[in-house]
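> Now for the letters of each chain:
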Amino acid sequence: MPLIQWLEGTSFDAAIRNSVPGIRIAEIVHLIGLALFGGTTLLLNLTLFGFGPPRPSLSRIARQLLPWTVAGLVIMLLSGALLFLSSPTRFYENPALRVKIGILVPAMAFQFTIHRKLSLSDPPAAPRMAALVAGISTLLWIGAGFAGKAIGPFAVQ
Amino acid sequence: MSLLDLCQWLHDTPAAAIMRNSSATFTVINSIHALGIVLVFGTILMVDLRLLGLGLRRESVKDVVSRIVPLTLSGFAMMAFTGLLMFFPEAVRYYKSPAFRIKLLLLALAGLNALVFHLTIYRDAPKWEFQPVPVRARLAGLFSLLLWIGVVAAGRSIPYGHDYDLGLVTAGLLRRDREGADDGQGVVSRSSPTESACL
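Protein sequences, first through last, are from chains A and B.
Start counting the first sequence at 25; every next residue gets the next number (our numbering).
Start counting the second sequence at 10; every next residue gets the next number (our numbering).
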């Protein structure tokens, strides 16, 4: 908490807080990052589920999508950090944001370990294993998204 | 009966009153709406990247498009249905919101762009499948990308109030307007714009 209070007091924080257009742009950029990340992950998960491209092409598709997935995630993390800095204390105390971070951390860990290894594996993993991993990934990210949408309604007054 | 009268009638229906009084329902519907947007925008982004030669270059355009279109359409159905559910309880406010009007206009243009692409240049896709993407198809990808960024930007601006004009007012003026709390989305209005925006 002292860290959060310190953040609230920095001049950098004040600069963001007082820049309404800045916050607006950060929000929009956050959503564009989300679409990029969500689109690539969704496409990959559907391929893992067995929809669409034949399974042997999975690792090829995964390799082509990876840079865009990472780009989307980096855009979201940077713009998300800026949004957090616009009001550190209120965001810190927001229960929905805490839930979101609580889902986000395991989701990212899963994405860049098990999920990535399985999508890039050649020959492709067993269909059931692939579907399980795709299911866990999809649920985690939808959970993070829903928790994110609850940040507004759960705002600390 | 004018469009505004219709909006007023929608606003006055008993179902609209029920919706307005349930902030939990609104949050759930809003979340599903966002999920629909991610489905639509995310999948279209994949096609745009392919058309612009920036991603999925080893897959043919036809492969990418034919696999993605069903997803885009299901996302759109989700988005349109939840969008209508959020629209009718606050129909009059949305009717007056410039951001909402701009969003609908950009959505229509994005739809038109996709339709023209599918009915013209995409029909000849087998001919250029293994060649560089033709300029017209690249342009369709670029227009789509810009229009969808516009849809998201306009959509994000709706909660800022019916007199918010997409950043054309000074920041100081905007703050004063917001304190009137007369904005498009009942629930969202009670929190800060930043918090309401986060996904």
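Take these hints with a grain of salt, some might be off.
Stated by the list, open to error - Some chain B residues near chain A, calculated using beta-carbon distances under 10 Å:
#1 MET10
#2 LEU13
#3 ALA24
#4 ALA25
#5 PHE35
#6 ASN39
#7 HIS42
#8 VAL47
#9 VAL49
#10 ARG76
#11 ILE77
#12 MET87
#13 ALA89
Unchecked claim - Examples of chain A residues toward chain B, derived with CB under 8 Å:
#14 LEU60
#15 ARG84
#16 GLY169
#17 PRO177
In short, the hints are calculated from the structure, not lab data.
Built from N, CA and C at the ideal position, the CB exists for glycine as well.
> Against each hint, give a clear statement of whether it holds in the structure.
Structure-based check of each hint:
1. Proximity of MET10(B) to chain A is violated relative to the hint, the smallest CB-CB distance being about 35 Å (cut-off 10 Å).
2. Given the 10 Å rule on beta carbons, the hint for LEU13(B) is violated: about 28 Å separates it from the nearest Cβ of chain A.
3. The criterion of a C-beta within 10 Å of any C-beta in chain A is not met by ALA24(B), whose closest approach is roughly 21 Å, and the hint is violated.
4. Hint on ALA25(B) is violated. Least Cβ distance to chain A is approximately 19 Å, over the 10 Å limit.
5. Of the supplied interface hints, the one on PHE35(B) holds, with its beta-carbon coming within about 8 Å of a beta-carbon of chain A, less than 10 Å.
6. Interface restraint check: ASN39(B) against chain A, minimum CB-CB distance 6 Å, threshold 10 Å, status holds.
7. A distance limit of 10 Å between C-beta atoms decides the matter here; for HIS42(B) the minimum to chain A is near 9 Å, and the interface restraint holds.
8. Hint status for VAL47(B): holds, given a least beta-carbon distance of 4 Å to chain A, under 10 Å.
9. Restraint check, VAL49(B) versus chain A: the minimum CB separation of about 9 Å is within 10 Å; hint holds.
10. Proximity of ARG76(B) to chain A holds as hinted, the smallest CB-CB distance being about 4 Å (cut-off 10 Å).
11. Look at ILE77(B): its Cβ gets to within about 7 Å of chain A, closer than 10 Å, so that hint holds up.
12. The restraint placing MET87(B) at the interface with chain A is violated, with a minimum CB-CB distance near 12 Å, outside the 10 Å limit.
13. The criterion of a C-beta within 10 Å of any C-beta in chain A is not met by ALA89(B), whose closest approach is roughly 17 Å, and the hint is violated.
14. Annotation: LEU60(A) was flagged as interfacial toward chain B, and the flag holds, the nearest CB pair being 6 Å apart, inside 8 Å.
15. Checking ARG84(A) against chain B: minimum C-beta separation of about 6 Å stays under 8 Å; hint holds.
16. With 8 Å as the threshold, the beta carbon of GLY169(A) comes within range of chain B, its nearest partner Cβ sitting at about 6 Å, so the hint holds.
17. With a least beta-carbon distance of about 5 Å to chain B, the hint placing PRO177(A) at the interface is held under the 8 Å criterion.
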